[in-house]
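Undergrad: Sequences and hints are given; from them, build the entire structure.
Chains as they are written, first to last, in full-length UniProt numbering: chain A, 1 to 500; chain B, 1 to 500.
If you are wondering where the hints come from, they were derived from the structure by calculation, not from laboratory data.
Since the structure is predicted, the reported quantities are computational estimates derived from the model, not experimental observations.
Ideal Cβ positions, reconstructed from N, Cα and C, are used throughout, including at glycine.
Restricting the straight-line Cα-Cα distance to at most 30 Å, the calculated cross-link-like pairs of lysine-lysine (DSS-like) are:
| hint | chain 1 | residue 1 | chain 2 | residue 2 |
| --- | --- | --- | --- | --- |
| 1 | B | 428 | A | 303 |
| 2 | B | 406 | A | 143 |
| 3 | A | 75 | B | 85 |
| 4 | A | 68 | B | 154 |
| 5 | B | 386 | B | 100 |
Computed Cβ-Cβ distance ranges for the label pairs, DEER-style:
| hint | chain 1 | residue 1 | chain 2 | residue 2 | range |
| --- | --- | --- | --- | --- | --- |
| 6 | B | 432 | A | 203 | 29 to 35 Å |
| 7 | A | 307 | B | 420 | 25 to 31 Å |
| 8 | A | 411 | B | 27 | 52 to 58 Å |
| 9 | A | 410 | B | 111 | 44 to 50 Å |
Partner residues are not named here, just some residues of chain A that face chain B (Cβ under 8 Å, in silico):
| hint | residue |
| --- | --- |
| 10 | 55 |
| 11 | 56 |
| 12 | 88 |
| 13 | 125 |
| 14 | 182 |
| 15 | 183 |
| 16 | 417 |
| 17 | 418 |
| 18 | 436 |
| 19 | 452 |
Protein chains: 2
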Amino acid sequence: MEDKAQIQEAIKVQGEVVRKLKSEKASKEQIDEEVAKLLELKARLGGDDGKHQFVLKTAKGTRDYNPKQMAIREKVFNTIISCFKRHGAETIDTPVFELKETLTGKYGEDSKLIYDLKDQGGELLSLRYDLTVPFARYLAMNKITNIKRYHIAKVYRRDNPAMTRGRYREFYQCDFDIAGQYDAMIPDAECLKIVHEILSELDLGDFRIKVNDRRILDGMFAVCGVPDDKFRTICSTVDKLDKMPWEDVKKEMVNEKGLSEEAADQIGEYVSMQGGMDLAERLLQDHKMSQSKQACAGLSDIKLLFSFLQLFQVTDKVVFDLSLARGLDYYTGIIYEAVLTQAGVAAVSNEAQNGANAEESVSVGSVAGGGRYDGLVGMFDPKGRKVPCVGVSIGIERIFSIMEQKAEASAEKVRTTEVQVMVASAQKNLLEERLRLVTELWNAGIKAEVMYKKNPKLLSQLQHCEESGIPLVAILGEQELKDGVVKLRVVATREEIQHC
Amino acid sequence: MEDKAQIQEAIKVQGEVVRKLKSEKASKEQIDEEVAKLLELKARLGGDDGKHQFVLKTAKGTRDYNPKQMAIREKVFNTIISCFKRHGAETIDTPVFELKETLTGKYGEDSKLIYDLKDQGGELLSLRYDLTVPFARYLAMNKITNIKRYHIAKVYRRDNPAMTRGRYREFYQCDFDIAGQYDAMIPDAECLKIVHEILSELDLGDFRIKVNDRRILDGMFAVCGVPDDKFRTICSTVDKLDKMPWEDVKKEMVNEKGLSEEAADQIGEYVSMQGGMDLAERLLQDHKMSQSKQACAGLSDIKLLFSFLQLFQVTDKVVFDLSLARGLDYYTGIIYEAVLTQAGVAAVSNEAQNGANAEESVSVGSVAGGGRYDGLVGMFDPKGRKVPCVGVSIGIERIFSIMEQKAEASAEKVRTTEVQVMVASAQKNLLEERLRLVTELWNAGIKAEVMYKKNPKLLSQLQHCEESGIPLVAILGEQELKDGVVKLRVVATREEIQHC
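TA: Listed below in structure tokens is the structure:
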């Protein structure tokens with residue numbers, strides 16, 4: 001049992017934190033987060049008393065979306081889905097939970113973050129951790145060898161939430177994947193074209209798409225003298241290069257992972273390289289790199305990729321970057337990641353510095369990532385048949401955060417409904433006439449509203465229009481009814497027209 | 001441990017069932033369901049051997065949506081959401097799980113069907129059981145007293161699944177609710193208008209919307225001599241009238257619930273009544289019914305409701321039906337339910353008779369329901385402040401099932417992509433030209449595809465168009481490139497046009 005006095009002290013402190021944030025006009029999310037902590041503390045005290053104190057909150061690391069957030073979410077989804085459809089993608093959906101064993105052995109260390117369902121008799125279930133494993137399960141189960149699909153849905157991770165930075169335990173993933181045996185690099189290039197289109201259309205500021213290839217990384221490790229059994233662990237250290245300087249990465253390689261200083265230095269030389277098709281060509285001539293068949297295969301594919309990217313007109317944003325490693329084990333070929341380089345990032349990283357360690361805010365700019373994974377589907381097929389796949393995941397939660405901040409900063413109001421006209425009355429006792437008119441409008445497919453009052457005041461009807469951004473108001477009065485007309489007013493300008 | 005021979009016997013039998021269904025060309029869903037059972041049996045055998053046999057299936061009672069199902073789902077959602085937006089609704093979203101205690105005490109008996117999450121440290125969580133309780137929690141938590149919102153999302157019930165009849169453990173709910181203190185029956189009538197619009201637009205065949213009022217039911221029970229403490233249980237027996245004949249309902253009341261034969265007979269007289277505003281007027285004069293203040297309040301509101309429904313032009317489908325009871329405890333005023341009366345029902349109940357007891361198929365026509373619940377939000381408010389609410393839930397899963405069956409029965413093919421044009425080539429070595437042209441189309445916002453092959457055959461490109469319903473194909477050849485033109489062919493008619 002907890003010490004009551006101790007909790008009461010904690011409640012006092014936490015109450016101060018909330019008051020301070022409120023007085024400083026901190027972001028709503030940040031305040032909500034601290035209020036949630038306060039409520040949790042109070043609940044613990046309540047429980048101690050033996051009295052039931054009802055906690056009115058959402059589960060840790062989750063949030064409701066209010067209408068304004070939903071309006072922004074809808075806009076972002078529309079842009080992304082339009083792009084996926086423009087490229088001929090179908091969509092599928094899978095259940096929110098899978099058999100526990102479907103997820104087993106797919107996420108390595110991170111498996112501890114999987115939400116399990118309680119054993120209530122029957123199958124053991126877990127909430128999905130991403131959309132890629134369910135996709136692979138779906139392909140294997142239905143013996144599908146060719147599909148271009150997108151899937152937008154929520155996934156679940158028992159991670160340490162950082163909600164002010166858009167990191168939740170329940171969050172959306174937004175995946176586009178091409179499965180099938182095709183000629184090299186054509187679908188891979190289309191994935192990058194799609195990222196380019198989406199980030200351009202969402203207007204999040206300038207961005208860069210880094211590309212690399214797992215085979216180049218592995219080849220590089222080999223020629224630099226990394227022992228075979230250390231490829232993975234060294235790769236995950238390289239992956240930290242966007243979060244920490246080379247010196248620290250090197251230290252980790254040498255001191256923690258036991259790599260020779262010489263090997264580390266050679267890796268350091270390579271991972272500082274960035275370029276385009278020219279860099280791939282140069283490395284194909286590199287006396288060391290060219291010793292690795294794997295690296296050469298990767299480099300040739302990078303060249304081919306860039307030739308397609310030129311045709312797709314997206315080379316302006318794409319960089320071949322040997323420091324890009326990406327964490328997931330299942331990648332087998334090309335990998336990529338899109339980062340915001342300007343405005344968008346600034347907004348988010350400011351936020352981040354309020355609450356958390358500054359280290360993480362550096363990489364906050366990553367908004368899309370993916371790569372080729374030719375082996376995953378085979379893990380599900382009883383006969384191990386492979387289905388080559390390449391895909392991209394759009395970092396939609398981060399994009400939501402940026403769009404929400406942009407909306408807050410902008411003078412323009414976010415509308416949460418699409419109502420075109422409000423049917424109002426200037427005098428009393430016109431409810432029937434209002435209902436009759438709004439029915440005519442609805443039946444004609446026009447988005448219209450009426451107040452649910454017998455005798456609303458004209459002012460309150462007009463106020464509702466201004467608050468919710470309704471552009472037109474149809475005003476009924478005795479005179480108009482006699483004349484058989486409707487007065488239509490433009491809310492913004494107060495201009496009036498009579499309609500028969 | 002299970003008897004191996006017994007399981008092997010069960011596998012044999014189950015295998016026969018599957019073969020038989022396949023030979024009879026049973027519906028895909030039905031076959032899938034039986035195959036799932038077969039796989040489960042095989043898995044049990046596998047487990048017994050100590051060998052790991054991977055089961056490739058979705059969790060019991062859940063399903064994947066394939067692209068065709070998703071296309072139908074999208075169409076249905078678009079119709080429904082357009083209607084909600086036409087009526088000025090906003091939308092919100094809530095997490096898929098809530099604190100366990102948020103759901104506690106809201107569902108009576110049915111609480112045993114709630115999915116709990118495993119206790120992995122931290123809060124105790126449960127998957128949401130409906131969208132109404134999270135909505136009430138959201139209103140109370142954010143102190144919202146006025147909102148018109150819709151929410152479309154999946155909910156979870158550990159029920160006995162009957163997937164061939166559209167009953168799943170994971171399924172969509174599609175709710176529209178109006179919260180706020182307004183003049184009587186105006187929002188209530190709008191909910192019915194919305195049901196009328198949606199069912200008309202979805203074109204599911206003829207339908208009827210039954211309405212009643214909890215106060216009329218309670219008043220009726222009182223004047224018929226039902227003891228106060230039996231209102232609820234008698235109400236839930238009345239609720240079965242759409243599934244069983246009056247004689248059986250009466251038997252349950254008298255034999256199981258201990259009601260007097262006389263009281264039951266009086267109820268029987270009332271619950272056989274159906275009508276419109278006239279019936280409400282007649283009952284207001286009824287010497288017995290008029291003794292109950294509650295009933296009179298309900299009957300006056302039914303009259304008022306019908307007057308609004310006339311203005312909304314929907315009385316053709318609405319019936320005041322005293323046998324409508326609806327199960328949920330939280331209704332406090334008007335209640336309603338929409339049922340399909342023709343074609344749609346026939347299709348589904350045929351399905352149902354294949355697999356299950358015929359009793360349930362009778363009520364399969366219910367496709368929407370709702371009512372007024374003025375007390376629910378108050379259960380969440382620390383000070384018990386009430387927010388009056390009225391809402392409707394569209395039975396979207398049933399509608400999906402009907403639409404899927406209609407699509408299967410119809411000659412028209414369901415398209416799963418929206419691609420307008422396929423960029424093809426008639427000769428070899430034109431990959432670059434194809435990619436260049438498809439880029440132009442994408443950049444112009446045109447939905448276009450290209451095959452991911454260096455040298456695809458023209459025939460296979462045309463076949464892909466026919467299979468996926470792409471209406472146009474842009475054909476590139478040496479001659480066209482020389483002339484600087486593109487040949488555009490209408491796939492259906494083979495008509496060709498040259499474009500510069």
